[in-house]
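S.K.: Just so we're aligned, residue 237 is where the sequence shown starts under the numbering used here, counting upward by one.
Keep in mind that the hints were calculated from the coordinates and are not lab data.
Don't take each hint at face value.
What the hints assert, rightly or not - Within a straight-line C-alpha distance of at most 27 angstroms, the following computed DSSO-like cross-link-like pairs (lysine-lysine) qualify:
#, residue 1, residue 2
1, Lys502, Lys591
2, Lys591, Lys311
3, Lys436, Lys418
4, Lys482, Lys546
5, Lys601, Lys509
6, Lys518, Lys546
7, Lys590, Lys301
8, Lys509, Lys436
9, Lys502, Lys518
10, Lys502, Lys302
11, Lys418, Lys363
12, Lys601, Lys590
13, Lys301, Lys482
14, Lys546, Lys601
15, Lys546, Lys311
16, Lys301, Lys311
17, Lys590, Lys311
18, Lys482, Lys363
19, Lys505, Lys546
20, Lys546, Lys302
21, Lys570, Lys518
22, Lys570, Lys406
23, Lys518, Lys436
24, Lys570, Lys546
Small disclaimer: the values here were computed from a predicted structure and weren't measured.
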Amino acid sequence: YITYRMLKDKDKLLLPSNVTRQTGKHIVNLLPGPVAIREDIARAFRNIPVSTRSDHFVNDFSMLKKSLCELVNAKNVEIFLGSGTLANDVVAGQLALINGHGLMLSNGEFGDRLLNHASSSNLSYDKIGFEWGEGLDTNHISKCLDGSVKYGWLWVVHCETSTGALNDMKMLSQICDQRNVKLCMDCTSSIGAVPIDVGKLFLSTGVSGKALGSYPGLSMVFYNHEITSATDKLPRYIDLGYYAEKNGIPFTTSSNLIYALAAAVKQFKKNDKFAHTVEVSKWLRDSLELQGFEFVAGSIETSPTVVTIKLPSEMNSVFVGDYLEEAGFLVSYKSGYLVRRNWMQFCLMGNVTKKEIRPMFEVLKRLKVT
237 YITYRMLKDK
247 DKLLLPSNVT
257 RQTGKHIVNL
267 LPGPVAIRED
277 IARAFRNIPV
287 STRSDHFVND
297 FSMLKKSLCE
307 LVNAKNVEIF
317 LGSGTLANDV
327 VAGQLALING
337 HGLMLSNGEF
347 GDRLLNHASS
357 SNLSYDKIGF
367 EWGEGLDTNH
377 ISKCLDGSVK
387 YGWLWVVHCE
397 TSTGALNDMK
407 MLSQICDQRN
417 VKLCMDCTSS
427 IGAVPIDVGK
437 LFLSTGVSGK
447 ALGSYPGLSM
457 VFYNHEITSA
467 TDKLPRYIDL
477 GYYAEKNGIP
487 FTTSSNLIYA
497 LAAAVKQFKK
507 NDKFAHTVEV
517 SKWLRDSLEL
527 QGFEFVAGSI
537 ETSPTVVTIK
547 LPSEMNSVFV
557 GDYLEEAGFL
567 VSYKSGYLVR
577 RNWMQFCLMG
587 NVTKKEIRPM
597 FEVLKRLKVT
């Protein structure tokens with residue numbers, strides 16, 4: 237394999253003469269976000285902005301909320317102008333109103349980030365940490381919930397994007413329901429990636445710019461209970477009840493992002509997008525395995541949209557990622573937690589096909605020294 241020193245010598249790598257952006261060469265987007273955008277979604281985004289107070293927009297907004305709820309079997313959803321971080325802050329705000337003690341679970345980077353949401357919101361909680369790339373221990377969680385501490389809620393990530401681990405929503409829902417514990421899940425990377433049912437969850441979050449296939453900029457909080465505003469205790473911008481009381485549009489939002497998301501959600505009604513993703517993911521994994529790469533979370537259930545690999549010590553993930561990018565393949569490798577572990581990710585969140593990905597394996601072969 238090419239080492240760090242060799243990677244600095246770009247002549248030996250036979251890199252393209254110009255960077256992809258300079259040549260206008262087709263880019264294959266294998267990022268967890270922003271994702272490759274379908275033309276119908278891009279067209280919807282390019283429409284002239286409209287007033288979010290108009291009757292026409294209010295009706296379309298309501299239809300989008302209905303479609304989102306149908307997709308994940310939720311009773312209600314509120315849409316926020318902001319990232320998934322904002323949506324999780326909204327969840328933390330709701331948990332702060334409960335005044336109960338909670339349990340946090342983490343088996344990766346984004347589970348750890350939920351801990352920060354909880355801490356910064358002064359929530360009272362205990363935590364159970366699992367190794368990155370490992371599944372959740374059902375027996376351990378059950379014993380903890382059955383212990384002397386009375387837990388009112390549990391908060392965990394569904395798809396742990398750092399490793400691709402897909403935590404068992406059904407199992408967690410069952411053990412929480414049996415103990416009258418409110419279950420909250422960060423579904424940022426799973427909504428649109430796999431079929432999910434959040435009908436028994438207290439709160440769950442999602443975003444527009446990952447597996448739903450639209451532009452980043454909108455986030456969602458799904459809920460299945462009656463809710464009221466708490467503007468005396470929460471900032472209005474993160475008060476879920478305030479949004480509900482204002483029919484979901486308490487403040488100005490982006491009609492462009494809303495209509496793009498509406499176009500993206502329609503694709504889940506027109507074709508079996510989930511089956512296509514599973515097919516491409518299996519082919520991608522098989523192809524990477526043939527080239528000798530080792531998977532993170534290889535022994536547990538993972539999302540078909542996130543394939544995380546461990547690079548051997550003689551390969552540097554940053555330079556390999558740079559090399560792939562210059563060849564026209566955008567992969568995830570620059571996040572601090574990936575760099576520290578020498579990991580790299582290939583994500584199938586957006587509109588990408590086998591035909592587009594296949595040449596990447598020829599590029600990876602150049603990284604082998606004969």
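S.K.: Now tell me, hint by hint, if it's right for this structure.
M.R.: Evaluated hints:
1. Proposed proximity of Lys502 and Lys591 is supported: the alpha carbons are some 24 angstroms apart, at most 27 angstroms.
2. Restraint check: the Cα-Cα separation between Lys591 and Lys311 comes to about 39 angstroms, which exceeds 27 angstroms; the hinted pair is violated.
3. In summary, the hint linking Lys436 to Lys418 is supported, as the alpha carbons are separated by about 9 angstroms, within the 27 angstroms threshold.
4. Taken as a hint, the Lys482 and Lys546 pair is broken in the structure, with Cα atoms around 47 angstroms apart against an allowance of 27 angstroms.
5. Taking the CA atoms of Lys601 and Lys509, the gap is near 30 angstroms; set against the 27 angstroms cutoff, the hint is violated.
6. Annotation: proposed proximity of Lys518 to Lys546 holds, straight-line Cα distance about 18 angstroms (limit 27 angstroms).
7. For a cut-off of 27 angstroms, the pair hint linking Lys590 to Lys301 is broken: about 32 angstroms separates their Cα positions.
8. Between the alpha carbons of Lys509 and Lys436 the distance comes to roughly 24 angstroms, so the proposed pair stays at or under 27 angstroms and holds.
9. Between Lys502 and Lys518 the alpha-carbon distance is near 25 angstroms, which keeps this suggested pair within the 27 angstroms criterion.
10. Between the alpha carbons of Lys502 and Lys302 the distance comes to roughly 12 angstroms, so the proposed pair stays at or under 27 angstroms and holds.
11. As the CA atoms of Lys418 and Lys363 are separated by approximately 16 angstroms, the hinted pair is consistent with the 27 angstroms bound.
12. For the suggested pair Lys601 and Lys590, the alpha carbons sit about 17 angstroms apart, so the restraint of at most 27 angstroms is met.
13. With a C-alpha separation of about 14 angstroms, the suggested pairing of Lys301 with Lys482 holds against the 27 angstroms cut-off.
14. Distance hint between Lys546 and Lys601 is fulfilled; the C-alpha atoms sit about 16 angstroms from each other, no more than 27 angstroms.
15. Among the hinted pairs, Lys546 with Lys311 is inconsistent with the structure: their alpha-carbon atoms are about 40 angstroms apart, more than 27 angstroms.
16. Taking the CA atoms of Lys301 and Lys311, the gap is near 10 angstroms; set against the 27 angstroms cutoff, the hint holds.
17. Using a Cα cut-off of 27 angstroms, the hinted pair Lys590 and Lys311 is violated, with the two alpha carbons roughly 36 angstroms apart.
18. Restraint check: the Cα-Cα separation between Lys482 and Lys363 comes to about 35 angstroms, which exceeds 27 angstroms; the hinted pair is violated.
19. For the given pair, Lys505 sits about 36 angstroms from Lys546 by alpha-carbon distance, which is inconsistent with the 27 angstroms threshold.
20. Among the hinted pairs, Lys546 with Lys302 is inconsistent with the structure: their alpha-carbon atoms are about 40 angstroms apart, more than 27 angstroms.
21. For the given pair, Lys570 sits about 25 angstroms from Lys518 by alpha-carbon distance, which is consistent with the 27 angstroms threshold.
22. Between Lys570 and Lys406 the alpha-carbon distance is near 33 angstroms, which puts this suggested pair outside the 27 angstroms criterion.
23. At roughly 30 angstroms between alpha-carbon atoms, Lys518 and Lys436 are farther apart than 27 angstroms, so this suggested pair is violated.
24. Annotation: proposed proximity of Lys570 to Lys546 holds, straight-line Cα distance about 14 angstroms (limit 27 angstroms).
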